[in-house]
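Let's have the full structure, built from the sequences with the hints guiding it.
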Amino acid sequence: MPRDFNITSATGGAAFTVKIVPKANRTEIVGVQEDGTIKIRLMSPPIEGQANEELINFLADFLGCNKRDIEIVAGAEGRKKLISVLNVDAGRVNDLVRAVVPESFVDDTD
1 MPRDFNITSA
11 TGGAAFTVKI
21 VPKANRTEIV
31 GVQEDGTIKI
41 RLMSPPIEGQ
51 ANEELINFLA
61 DFLGCNKRDI
71 EIVAGAEGRK
81 KLISVLNVDA
91 GRVNDLVRAV
101 VPESFVDDTD
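Just so you know, we're using this note's numbering here: the sequence shown kicks off at 1 and counts up by one.
These are computed hints drawn from the structure, not numbers from a lab. Ideal Cβ positions, reconstructed from N, Cα and C, are used throughout, including at glycine. Among the hints, erroneous ones may be present.
Said to hold, decoys possible - Computed list of lysine-lysine pairs in DSS-like fashion (alpha-carbon distance at most 25 Å, straight line): (1) K80 - K23; (2) K80 - K19; (3) K67 - K19; (4) K23 - K67; (5) K67 - K80.
Unchecked claim - Computed beta-carbon distance windows for the label pairs: (6) I47 - N94: 30 to 36 Å; (7) G78 - N25: 20 to 26 Å; (8) V21 - A74: 23 to 29 Å; (9) P46 - D89: 26 to 32 Å; (10) G49 - G91: 29 to 35 Å; (11) N57 - E77: 28 to 34 Å.
Structural data, given as structure tokens:
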């Protein structure tokens, strides 16, 4: 059973780290890495903010919140990003991610 993810409560919401894999066959949460980072595959390429836009749209749908409540706080140009979400608490994010990820950690490749 994986340990808790690195999802922290923030004023009015939650913050967590994701690692994206662009140009995938489908957009989905793959799992959680050893350090608690949520690994997400995106169909969009990392060109002109397309992957970031898809990430925000995907997370808004997945978390059931408005996309304007999601912000990429750090790492907008890289694969590893710090995400802040307003109006969704850390416990809800944790529960939703646990419902879709396998029981074991995913590796850090790709």
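Structure-based check of all given hints:
1. K80 - K23: Answer holds: K80 to K23 is near 15 Å, not above 25 Å.
2. K80 - K19: Given that 25 Å is the threshold and the Cα spacing comes to 4 Å, the pair holds.
3. K67 - K19: holds (19 Å)
4. K23 - K67: Given that 25 Å is the threshold and the Cα spacing comes to 21 Å, the pair holds.
5. K67 - K80: holds (19 Å)
6. I47 - N94: 30 to 36 Å: holds (32 Å)
7. G78 - N25: 20 to 26 Å: Once the Cβ atoms are compared, 22 Å apart, the range 20 to 26 Å for N25 and G78 holds.
8. V21 - A74: 23 to 29 Å: The hinted range 23 to 29 Å is violated for V21 and A74, with Cβ atoms some 18 Å apart.
9. P46 - D89: 26 to 32 Å: holds (30 Å)
10. G49 - G91: 29 to 35 Å: With Cβ atoms ~30 Å apart, the hint holds.
11. N57 - E77: 28 to 34 Å: Violated - the Cβ-Cβ distance for N57 and E77, about 19 Å, lies outside 28 to 34 Å.
Consistency with the previously given hints fails for numbers 8, 11, ordered from lowest to highest.
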